[in-house]
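Residue numbers (numbering that gives the first Met the number 0), protein chains in the order written: chain A, 0 to 325; chain D, 0 to 677.
Read the hints as simulated data drawn from the structure, not as lab findings. Remember, predicted model here, so these are calculated numbers, not experimental data. Treat the hints with care, as some may be off.
[What the hints assert, rightly or not] DSSO-like, lysine-lysine: derived pairs with alpha carbons at most 30 angstroms apart:
{"no.": "1", "chain 1": "D", "residue 1": "Lys464", "chain 2": "A", "residue 2": "Lys191"}
{"no.": "2", "chain 1": "A", "residue 1": "Lys287", "chain 2": "D", "residue 2": "Lys311"}
{"no.": "3", "chain 1": "A", "residue 1": "Lys191", "chain 2": "D", "residue 2": "Lys671"}
{"no.": "4", "chain 1": "D", "residue 1": "Lys655", "chain 2": "D", "residue 2": "Lys630"}
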Amino acid sequence: MKDALKRFEEEALKEIGLSLPNRDLLETLRIKYLGRKGILTELFKKMSSLPPEDRPEIGKLINIVKENVARALNDKIKSAAATEESKDRLDITLPGISQRPGKIHPITRTISDICRIFSGLGFRVVEGPEIETEHYNFETLNIPLEHPSRDAFDTFYLKSEEKFLLRSHTSPVQTRFMEKNKPPFSIIVPGKVFRPDATDASHSFMFHQVEGLAVGSDIKFSDLKGVLNIFAKTMFGNSIQTRFRPSFFPFTEPSAEMDIRWGKGWLEILGAGMVNPKVFANVGYDPKKVTGLAFGMGVERIAMLKYGIGDIRMFFENDVRFLRQF
Amino acid sequence: MKINYNWLKDYIDVKLSPEKLAELLTMSGLTVDSLERKGDDAILEIEVTSNRPDWLSYIGVAREIAALTGKILKIPLITANRKSETKNLINVKIEDKKLCPRYTARVISNIKIEESPEWLKSRIEAMGLKSVNNVVDITNFCLFETGEPMHAFDLDRLSGGKIIVRTSRKGERITTIDGVERTLEEGVLVIADDSRPVAVAGVMGGLNTEVTASTKNILLEAAAFDPISIRRTSRVLGLPSESSYRFERKVDLANISYASARASAMIMELAGGQEKAFIDIGSKQEKNKPVELRFSRLNSVLGVEIPAQKAKKILTALGLKIISSSKDKIKFSIPGFRSDLKNEIDLIEEAARIYGYDKIPDTIPGMAASPARESHDITIAQFIRALLTGMGLDEIITYSLLSKDIILKSGSLPEAIVEVKNPLSGEQEAMRVNLAGGMLNSIIWNINRKTKDLKLFELGNIYIKDGDGKFVERKHLSIGMAGEIADGSSGPRKSSFFDLKGVIQVLLSELGVKDVSFTDTGDGNLSPSARASINAGQDNIGVLGEVSRRTLTDFDIKENVYYSEVDIDSILKHVNLEKRFMELPRYPSVFRDISIVVNKGISNADIISLIESKGATILKDVRLVDRYAGKQIPDGKISLTYRLEYRDNAKTLEDKEVLGVHSDVLRSLEEKFGAKLR
Numbered sequence: 000m001k002d003a004l005k006r007f008e009e010e011a012l013k014e015i016g017l018s019l020p021n022r023d024l025l026e027t028l029r030i031k032y033l034g035r036k037g038i039l040t041e042l043f044k045k046m047s048s049l050p051p052e053d054r055p056e057i058g059k060l061i062n063i064v065k066e067n068v069a070r071a072l073n074d075k076i077k078s079a080a081a082t083e084e085s086k087d088r089l090d091i092t093l094p095g096i097s098q099r100p101g102k103i104h105p106i107t108r109t110i111s112d113i114c115r116i117f118s119g120l121g122f123r124v125v126e127g128p129e130i131e132t133e134h135y136n137f138e139t140l141n142i143p144l145e146h147p148s149r150d151a152f153d154t155f156y157l158k159s160e161e162k163f164l165l166r167s168h169t170s171p172v173q174t175r176f177m178e179k180n181k182p183p184f185s186i187i188v189p190g191k192v193f194r195p196d197a198t199d200a201s202h203s204f205m206f207h208q209v210e211g212l213a214v215g216s217d218i219k220f221s222d223l224k225g226v227l228n229i230f231a232k233t234m235f236g237n238s239i240q241t242r243f244r245p246s247f248f249p250f251t252e253p254s255a256e257m258d259i260r261w262g263k264g265w266l267e268i269l270g271a272g273m274v275n276p277k278v279f280a281n282v283g284y285d286p287k288k289v290t291g292l293a294f295g296m297g298v299e300r301i302a303m304l305k306y307g308i309g310d311i312r313m314f315f316e317n318d319v320r321f322l323r324q325f
Numbered sequence: 000m001k002i003n004y005n006w007l008k009d010y011i012d013v014k015l016s017p018e019k020l021a022e023l024l025t026m027s028g029l030t031v032d033s034l035e036r037k038g039d040d041a042i043l044e045i046e047v048t049s050n051r052p053d054w055l056s057y058i059g060v061a062r063e064i065a066a067l068t069g070k071i072l073k074i075p076l077i078t079a080n081r082k083s084e085t086k087n088l089i090n091v092k093i094e095d096k097k098l099c100p101r102y103t104a105r106v107i108s109n110i111k112i113e114e115s116p117e118w119l120k121s122r123i124e125a126m127g128l129k130s131v132n133n134v135v136d137i138t139n140f141c142l143f144e145t146g147e148p149m150h151a152f153d154l155d156r157l158s159g160g161k162i163i164v165r166t167s168r169k170g171e172r173i174t175t176i177d178g179v180e181r182t183l184e185e186g187v188l189v190i191a192d193d194s195r196p197v198a199v200a201g202v203m204g205g206l207n208t209e210v211t212a213s214t215k216n217i218l219l220e221a222a223a224f225d226p227i228s229i230r231r232t233s234r235v236l237g238l239p240s241e242s243s244y245r246f247e248r249k250v251d252l253a254n255i256s257y258a259s260a261r262a263s264a265m266i267m268e269l270a271g272g273q274e275k276a277f278i279d280i281g282s283k284q285e286k287n288k289p290v291e292l293r294f295s296r297l298n299s300v301l302g303v304e305i306p307a308q309k310a311k312k313i314l315t316a317l318g319l320k321i322i323s324s325s326k327d328k329i330k331f332s333i334p335g336f337r338s339d340l341k342n343e344i345d346l347i348e349e350a351a352r353i354y355g356y357d358k359i360p361d362t363i364p365g366m367a368a369s370p371a372r373e374s375h376d377i378t379i380a381q382f383i384r385a386l387l388t389g390m391g392l393d394e395i396i397t398y399s400l401l402s403k404d405i406i407l408k409s410g411s412l413p414e415a416i417v418e419v420k421n422p423l424s425g426e427q428e429a430m431r432v433n434l435a436g437g438m439l440n441s442i443i444w445n446i447n448r449k450t451k452d453l454k455l456f457e458l459g460n461i462y463i464k465d466g467d468g469k470f471v472e473r474k475h476l477s478i479g480m481a482g483e484i485a486d487g488s489s490g491p492r493k494s495s496f497f498d499l500k501g502v503i504q505v506l507l508s509e510l511g512v513k514d515v516s517f518t519d520t521g522d523g524n525l526s527p528s529a530r531a532s533i534n535a536g537q538d539n540i541g542v543l544g545e546v547s548r549r550t551l552t553d554f555d556i557k558e559n560v561y562y563s564e565v566d567i568d569s570i571l572k573h574v575n576l577e578k579r580f581m582e583l584p585r586y587p588s589v590f591r592d593i594s595i596v597v598n599k600g601i602s603n604a605d606i607i608s609l610i611e612s613k614g615a616t617i618l619k620d621v622r623l624v625d626r627y628a629g630k631q632i633p634d635g636k637i638s639l640t641y642r643l644e645y646r647d648n649a650k651t652l653e654d655k656e657v658l659g660v661h662s663d664v665l666r667s668l669e670e671k672f673g674a675k676l677r
């Protein structure tokens, strides 16, 4: 019996070794040697004729032989498969099948980037109306009627009985929000604004701003610097240099403009300041009990700097060759 | 305003180079916009904020530099004027003290009008003005030096020897020095003699009394006028001038006598003559209230400790005088040239400005923790953007202001249009009432640039006048498709109504909007062959369809365009972004396909609703998986394949149960629609 098994193994391994690497041929060999009616099954059947004391040893031997043959077969089948697969190769340089993802407009993208930075600092995104009144666009913000401080805010007026206008900045949302909410809070306000400017590469009669406002019992000018420096570093990179210059806005005091180092010079990117106590008084807050920081920036300007865009009009032409770059 | 570097040195001993000076001024809030070097001289273009009229003069700028550098401000001394008083030479009357708080008139006789000397000419020209003659140049020189605008009249041409400061009568006319005849509205502040206006007060003098080569005697006016009145006049006449610019920002009452005396002294020096009279009516100085500064407040607002001595030094260097002082606070009197300093916060700003913003540290505010959740509509807008870009659509942003023509072409009723009163051009004359105009403009822009695969969307406000004439802003979503769809799986194909509908369906489904249906619409911008209104429950929330030929022609578009506009505000109440887990089915589903041939007129919706009604409780889903017309299918017919999913949630379905229901479905399709099984 042992000899028979030995011969079986030699014969099988030899034939498998000589076989062509064809999966069909190898399957025939598997059936011949290991199949239900194969040679090994026949040998196994003969075991019953052996003396019982020999059976465990022979049984073990049969299993070993079976494993050896099966392993040889499997190895040969795998290498056969590999040979076959390598014959029928795809042109892997053909394009992948996919849906081109659409793109968020670079202005929306910039607004999201800005808002995300301030959200991380605890600011909440709030919006306000684009059609405004003189009351909110000017008066509550300490910009009196017929005052030279209005010169900075050329404004579109609407044909109507009452004096409606298109907001010329996002700051009216400050006083609208304060009238309805009690401090402490911090909000960030993105939105469209409108100014009657002749359109050219750097002017547009419609553009976007993001306004920020934080009010509490202990907000300081140093907090304004801290918050805005974090913003600048996150937006433009850790190595960006900034500086704060004194400036004038009717609704903040002290007021500042923040510049970033750009090439050899400095570029203004936002206006900011401590909320003017008069603005607090206008919304019914006690200026003795609260202080606040406020800032506002032009989104187009920041997007143009960040992406290296030279003409503001491109944002509104919506040429997809432009949009798909972002 | 321009600042001539060498001229500035007359008032302050500047050791800094023009570049360093520009940097110093910019960092203290007086922005130097540009600097033009001229050898060792330079012109600095400064941008003066509206709160600082005192900076509109050389002396004012020099005072700032004095505070910044510790150098001494040098105000020119006036040599004694040669006087020989003549009584009753002129008579000055102010009708409204509020409009003219102070008026001074100085008569100088026997002068000789000549060309200005070179030094004066070059200074006047450095300021961007043309030299006129010695007297006019001196008034301009003193305007820039002191900030007080002055005007010289030819005394002999003032009728009746009178100056009356009054408001104009309706229809009064004056020809100003620039040669333009102007008809005045009623109420414009003018300087008049006894018969006519001789100057638009504070804005521009009259031609008939101007100083010419033959002038012998002059009346030199130095005054203060009401800022609002001057501003209004200058705007109405479209006549901004160096004078009006300063008067509308408010001049310092106390500075008037100095400026007048200074100009007079210069005139007598360069043009000869003697002073014959000086009349001075009105308030001699500002009545600025004292302002108190508490050191504790200073430091708590700024977040930095500025030593009391330092703050005191800064503010006194700026011209403020200490009235009283203690350990905790100082009370200052405010000079006339700093009427902008009214409250403690104004002093805090001055201290911070000169101390240097760069010396204030960065800190992070202790913000109150508040639920930082955005409002519903902001979250939804972000959600929609993510979804649509995921489906391959590009976001556009178009102008909210358009020409009325475009707005009418995109289907608005004229009475709903919100119009702009003061547009700069016809392109900005009205507010969009829908997003279609902007979308079609963007599509034609891209078609003209040969882009073939356009799938665009915009999220933005529309603006309408409602029935009561009230302005309403609503957030809308527009989607436009044109040209080809090319995803690379097969050749490019034309985009279709169903590409657009698919986007809308996925969008609404992901927003959790229930009970969405598409029904007929009469929207005139869309083609009758392919248009639908979109409904959520009973609410109409938008439209979709193929843009009509007529509208496309208006926008010069030749290709098919598919367009949808959804009112986001009206779907807000249908949106449900809350998720809840639903138990997965425990028993397997059985899928059965039905392929039938029916007449083309029968709608998919009718077939599905019939299948659903016959499918009993075990039918869980039915969908169209294939639609075919062509070979083997008779004309006028169509082959449809539906896949039905059967499941029982309580047990494994048996074949005969499915068979029973499925045969019911088939039979009713045959009976109701004459469907033939394939």
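Please verify whether lysine 191(A) and lysine 671(D) have alpha carbons no more than 30 angstroms apart. violated, 56 angstroms
Straight-line alpha-carbon gap lysine 287(A) to lysine 311(D), limit 30 angstroms: Roughly 23 angstroms between the alpha carbons, so the hint for lysine 287(A) and lysine 311(D) holds.
Going straight from one Cα to the other, do lysine 655(D) and lysine 630(D) come out at no more than 30 angstroms? violated, 35 angstroms
Just to be careful, I want the Cα atoms of lysine 464(D) and lysine 191(A) compared with a cutoff of 30 angstroms; is the pair within it? holds, 20 angstroms
In summary, the numbered hints that this structure violates are 3 and 4.
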